[in-house]
Amino acid sequence: MADTTQTRAQHAQMPAMAYLRTHIREYGILFALIAIMVFFTIATDGILLRPTNLTNLVLQNSYIVIMAVGMLMVIVCGHIDLSVGSVMGFIGALSAVLIVQWGIPYPIAALICLAVGAAIGAAQGYWIAYWRIPSFIVTLAGMLVFKGMMMVLLKGQSVGPFPNEFRALASGFIPDVTGFDGFHMTSMLLGILTAAILVYVSVRSRQKEASFGTPEEPFAFFIGRNAIVTVAIVYLTYLLATSRGLPNVFIVMAVLIAGYSFIARQTTIGRRIYAVGGNKNAAKLSGINAERLTFLTFANMGMLAALAGLVFAARLNMATPKAGETFELDVIAAVFIGGASMAGGVGTVVGAVVGAFIMGVMNNGMSIMGIGIDWQQMIKGLVLLAAVVFDVYNKNKT
Amino acid sequence: MTVILEMKGITKTFPGVNALDNVNMTVEQGEIHALVGENGAGKSTLMKVLSGVYPHGDYDGQIFFDGEERRFYSIADSERCGIVIIHQELALIPLLSIAENIFLGNECARGGIMDWNETYRRTQHLLDRVSLNENPRTKVTHLGLGKQQLVEIAKALSKEVKLLILDEPTSSLNEKDSESLLELLMELKRKGIASILISHKLNEITKVADRITVLRDGATVSTLDCHSQEISESDIVRDMVGRALKDQFPPRKPVIGETIFEVRNWTAYHPIHDGRKVVDDVSLHVKAGEIVGIAGLMGAGRTELAMSVFGRSYGSNIGGEVLIHGRPTDVSTVPKAIKAGLCYATEDRKTYGLVLINDIRQNIPLANLKGIANGIVVDNRREREVAQTYRARMSIKSSGIDQKTVNLSGGNQQKVVLSKWLYAEPDILILDEPTRGIDVGAKYEIYTIINDLAAAGKAVIIISSEMPELLGMSDRIYVMNEGRFVGELASGEASQERIMGMILRSGRSVTDHPPTEKTTELDLQYHG
Chain R
1 MADTTQTRAQ HAQMPAMAYL RTHIREYGIL FALIAIMVFF TIATDGILLR
51 PTNLTNLVLQ NSYIVIMAVG MLMVIVCGHI DLSVGSVMGF IGALSAVLIV
101 QWGIPYPIAA LICLAVGAAI GAAQGYWIAY WRIPSFIVTL AGMLVFKGMM
151 MVLLKGQSVG PFPNEFRALA SGFIPDVTGF DGFHMTSMLL GILTAAILVY
201 VSVRSRQKEA SFGTPEEPFA FFIGRNAIVT VAIVYLTYLL ATSRGLPNVF
251 IVMAVLIAGY SFIARQTTIG RRIYAVGGNK NAAKLSGINA ERLTFLTFAN
301 MGMLAALAGL VFAARLNMAT PKAGETFELD VIAAVFIGGA SMAGGVGTVV
351 GAVVGAFIMG VMNNGMSIMG IGIDWQQMIK GLVLLAAVVF DVYNKNKT
Chain D
1 MTVILEMKGI TKTFPGVNAL DNVNMTVEQG EIHALVGENG AGKSTLMKVL
51 SGVYPHGDYD GQIFFDGEER RFYSIADSER CGIVIIHQEL ALIPLLSIAE
101 NIFLGNECAR GGIMDWNETY RRTQHLLDRV SLNENPRTKV THLGLGKQQL
151 VEIAKALSKE VKLLILDEPT SSLNEKDSES LLELLMELKR KGIASILISH
201 KLNEITKVAD RITVLRDGAT VSTLDCHSQE ISESDIVRDM VGRALKDQFP
251 PRKPVIGETI FEVRNWTAYH PIHDGRKVVD DVSLHVKAGE IVGIAGLMGA
301 GRTELAMSVF GRSYGSNIGG EVLIHGRPTD VSTVPKAIKA GLCYATEDRK
351 TYGLVLINDI RQNIPLANLK GIANGIVVDN RREREVAQTY RARMSIKSSG
401 IDQKTVNLSG GNQQKVVLSK WLYAEPDILI LDEPTRGIDV GAKYEIYTII
451 NDLAAAGKAV IIISSEMPEL LGMSDRIYVM NEGRFVGELA SGEASQERIM
501 GMILRSGRSV TDHPPTEKTT ELDLQYHG
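For the record, the sequence lines run as chains R and D.
Position 325 of the first sequence, counted from 1, bears residue number 325 in my numbering, the numbering being contiguous throughout.
Position 376 of the second sequence, counted from 1, bears residue number 376 in my numbering, the numbering being contiguous throughout.
Because the hints were derived from the structure by calculation, they are not lab data.
Remember, it's a predicted structure, so these values are computed and weren't measured experimentally.
Think about it this way: if two alpha-carbon atoms lie no more than 30 angstroms apart in a straight line, the pair counts; the simulated DSS-like pairs of lysine-lysine are: (1) R:K208 with D:K397; (2) D:K139 with D:K350; (3) R:K395 with D:K397; (4) D:K350 with R:K284; (5) R:K284 with D:K397; (6) D:K287 with R:K284; (7) D:K350 with D:K336; (8) D:K404 with R:K284; (9) D:K48 with R:K395; (10) R:K395 with D:K350; (11) D:K48 with D:K189; (12) R:K208 with D:K370; (13) D:K201 with D:K189; (14) D:K8 with D:K48; (15) R:K395 with D:K404; (16) D:K277 with D:K176; (17) R:K284 with D:K339; (18) D:K277 with D:K339; (19) D:K277 with R:K284; (20) D:K336 with R:K284; (21) D:K159 with D:K8; (22) D:K201 with D:K404; (23) D:K370 with R:K284; (24) D:K48 with D:K397; (25) D:K404 with R:K208.
Quick list of the computed label-pair ranges, beta carbon to beta carbon: (26) D:N22 with R:Y235: 55 to 63 angstroms; (27) R:G179 with D:G375: 35 to 43 angstroms; (28) D:I113 with R:P134: 29 to 37 angstroms; (29) R:N226 with D:S74: 46 to 54 angstroms; (30) R:G179 with D:T389: 56 to 64 angstroms; (31) R:S211 with D:R393: 15 to 23 angstroms; (32) D:S74 with R:P134: 29 to 37 angstroms.
Beta carbons: idealized from backbone N, C-alpha and C, even for Gly.
Isolated chain R (complex conformation) (with noise of 0.2 angstroms):
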């Protein structure tokens, strides 16, 4: 075929300009993220960046993120979860009812709301999975119905404290146990372990490419990717460490992407359900059940949403009747702006993750910067809308 052999021509000739050209989104959107936080550590003279202020980063986004990694999944399926936000809520003051006023003891209680997190979502699930009603439709009920549930668990009053065992899990930090003095070398460790696991398991997934046909990756782009990474990881770490630490709940949401990412990417399910969003009825003639995968799809968020829940609540230390109000639209605009598509069986958990840091770190520095929550909002909006612009006219190019 003549148009096959000319473009193959095209990319030996410049290779990295062609791979760019196809590859630009997932790196366009991490230099996004990088240019975003050098633009803030400039524009707040180093706020940005000191210990405190990126542990708090961390700590403000975590429960975004959660429910970003469940949120991709759903949409990569091809749907959409505007109750997330009320469910989130609704488990909060769940968890302050059992541990606050029944004093059940708080792993139980923990144990209990993921579960019943993951309910809601099954039941949410079914109306859109076997009753084939639209998911913008049921999850719209859902949030509705969930924020009301909150109210009257609440009798709209906030609930609390909570006990201090409890309130660790996100505002805790991992115990060190090297004793170094004022710097926390178990954090540094895993930092650099993590970094060091990235790196060897890109190294192999390559060097496995390679062995059966050039990697499509350039050199320079594979040795310039792992070099950032490398450097941001141990650097951030590193910034974390000479203060207190790793947060636990960072080391949750690192094995959240992990094993997330793990499962879009790697297993048969992931396969499945990028299947079914990108071509129900193909999927469903090869054999695979598009319902069950919808239902599940909607279970995993409904926990996620409820951990999300859980996380929140012991960072107030209460829970309050306000609590994930309209965080539904930051999770959705973070897995968009990650580059997921509103038709499905596009978007990848890592982009989701950076999408939902990129809305963070914009709030956060807007906020140090004094900048009015008016301001922020149409910020934000604007950020949101020229990301999906980018990607649509990137497709239209090619």
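Once you've looked at the hints, dock chain D against the given chain R.
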């Protein structure tokens, strides 16, 4: 004869590809000019240049229409001059009426207020011209595809068309509807309207075309005049593929074994209209190594039969028995059917066959993900090997296994669909319209693959609306009409006449069957 259209030296490049290379074409007033070529030869691109989809300046060369050089910057520009293109995928809005569709964007209105009387009066007049006997208020969704084509043509006539471009107008029509569409073209020709007919159906072209332009790899190969010389289909094919195709069908010696697939008394009802039997007491059997064809008109219930057997993907209230290797087998869900060794390659690869946004590598293992995974973890290496193997074995033309399937030509897409099913290692393959919309060369390759499958001892069922294909490929043919099997012919005794005869004799009313409602029904079942 005056020349109405002249395209001179049209060259259009896409990044890295020369889609059109110095193409010349002239169309005379009141002629039917056929444009043929393999998929990817540049037919659609040429028509997009002509209709202004690619604006002037985006290509090199000149377009003269009606005696003047024209520069079209949009479809609206070309339509204003009287060039109307009717695409393969019809651009009608299903839930609007015929009249609303015809005057969409061109409404009969005064100051923005609709004049419905005038709209319906003019629609009626247009429908008379295309001999479509329907109420202008009827919603388009209630019409079969054939009638929808006529509505498209009526819409074109409403714009005072001088040159009508039809892109594969008959590819999804049954023979009768195709016939009447071609008659209508002849009728328009007598009124002085020229048309460009893009088609893969060479028999139709030799029947109606005055001249034929053949494109190959983006260049004009020849322009054949059907009046000055006798043009045969093989002449056209030779120019299209650049070589003479001696046989349309690869040779094969059938080696037929035991019966491995049997369906008994199969009945299925329409998923929405409860009382309507779509498949009515059908029994069939296929032996190992045998290729069995199912003939019938559109809407005869062939796809419905296949899909209802394959994991009840269609219909409600399904009854009957499936026997595989002589044992009654549960095939009530798609996973069970696949596990039992059954597979169904759809007639509509874009909607039901491929995940178009994904690449070849991801599409091929979709029906057998366990094959590339350890437990639930996908083994990337094995996945790539599988994809490479099938890409080579099926000679899928692509830049590599990482090419998105949406960018493949129809024939190569079909090969990916077949690869997907072969990788699931079925014993019984049901292939629904395996060569629809595929060019001659790729068809031959698909036929070879099918023959190889039969030679490997698989039972193959082919559903096809192209009778020569059924006659050329099958060892045995079932004839289906209105949900029932109305005849069975061995390859030696089958002919187009006999098959049509069986259909006509059996039909309670062949003429008013709703021919293509079935596509919408399948859609409804999935989306609604």
